[in-house]
Amino acid sequence: MYSMLNLKPFYVYRNIAIHKRLTYNTQNMARRKVLLAFASVMIILLVVYGFIIKFKHIAEIDIMSKLPIYQKDRDTFNQIKNDDVVNREPTITPSKEIATPLLTSGSARKSRKNPKQLLFSYIPKAGSSEIQTILSIVVGGEIEIFGGSEYISRYQANKTTFFKNNFFLQNERQQLKPDMKSSFFVVGHVQAPCNYLLSSWTYGSDGNGNVYKMAKDKSVYGVTPPYNNKEDLNRLTMWLQDNKNMYTNRLTYKYFKTAKWKTDMNLRSADCWIHTEMLIYDLVNCLKRYEKQGGNVKWENFRKIKTKIENPSNHSQCGDYFDDERTALVMDSNMKMAKIFRYESCCVESNTTLPAGFEELWTNHN
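Each residue of the sequence shown is one higher than the last, beginning at 1 in our numbering.
A hint or two may mislead.
As the list claims (entries may be wrong) - Derived DEER-like restraints, expressed as beta-carbon distance ranges: (1) 218 to 172: 20 to 26 Å; (2) 233 to 172: 26 to 32 Å; (3) 165 to 217: 45 to 51 Å; (4) 231 to 179: 25 to 31 Å; (5) 171 to 241: 41 to 47 Å.
Claimed, not checked - Simulated crosslink set (DMTMM-like; lysine to aspartate or glutamate; CA at most 20 Å straight-line): (6) 257 to 179; (7) 177 to 144; (8) 230 to 320.
FYI, nobody ran anything at the bench for these hints, they're computed from the structure.
Cβ atoms here follow ideal geometry from the backbone N, Cα and C, with glycine treated the same way.
When you get a sec, could you build the whole thing from the sequences and use the hints?
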């Protein structure tokens, strides 16, 4: 009896220990179940997120911040040799360009492990919306870039998985910088001096644009569309006296403002250039070069373009607005920039020449 009484505390302590162990094991099991459930949910979300990224166009800002640091390919694709006449001299005066054969889809595409994605860097009021529309059809949806190096640093090695069917768009407020060319196939955009200034003035004459909104004296804008009557032309002359440097200033800010390019202003800031006056012709040849370095171009999608896309113009031909006085006013202020882009004339009318073999893709399919 005595021994049984002495053993009672032992059984009590043992039962307490067993109860604690069972409680601990139960709690651990509950934690494991919660962690397992959480991990399962995360895996499902990651899979779904992957499909969304692959099959749905998303804004660049939604994905860029979530990517690991990108190690830039320094000079892997900096120089892309091409036999095309157009881009051997990327800024030949548009009227002198010679058509070259169109490459069939995929025929010249070289196998690249990490091909550069296309970046279109544009200036406002120079026909960029037409280029964006065509790129969205034959390359993929646009992802707008709102910065420079900070975005490139997040643009990592598996970029083709996320952005294979997209092109990047850099708007007019963002500068093109040297490190962007090492990471993207950069397409620049330019227009003849008088054509560009005329577009800006007539756009403002319609009551549009920041230049018009910030103007203290709005009497220098046209009154009666298409703004080529004597009174409106006098207003254009007054407007040019204050804004004649806009052409050079905007192009310098956009493409040449960095220290590297400011001292040696040349066309190496982009891989390829599109002249508005040769828009379709230059765009096709830029796409051929993009494809040659490994880019994906869906040539057959040109058939989906119902008509030759053109922005409705609120003015007549450039030559109707620029007499010798106004032409001299513009060219004297922008001669250096005009020479860089090989513009011999202040006004250059659109050239509808198409690359050989392209006509059948650029037809009206109603």
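Cross-check of the supplied hints:
1. 218 to 172: 20 to 26 Å: This hint holds: roughly 22 Å between Cβ atoms.
2. 233 to 172: 26 to 32 Å: Distance hint for residue 233, residue 172 holds at roughly 27 Å.
3. 165 to 217: 45 to 51 Å: 48 Å, holds
4. 231 to 179: 25 to 31 Å: 49 Å, violated
5. 171 to 241: 41 to 47 Å: 29 Å, violated
6. 257 to 179: 14 Å, holds
7. 177 to 144: Given that 20 Å is the threshold and the Cα spacing comes to 16 Å, the pair holds.
8. 230 to 320: Holds, because 11 Å separates the two Cα atoms, which is no more than 20 Å.
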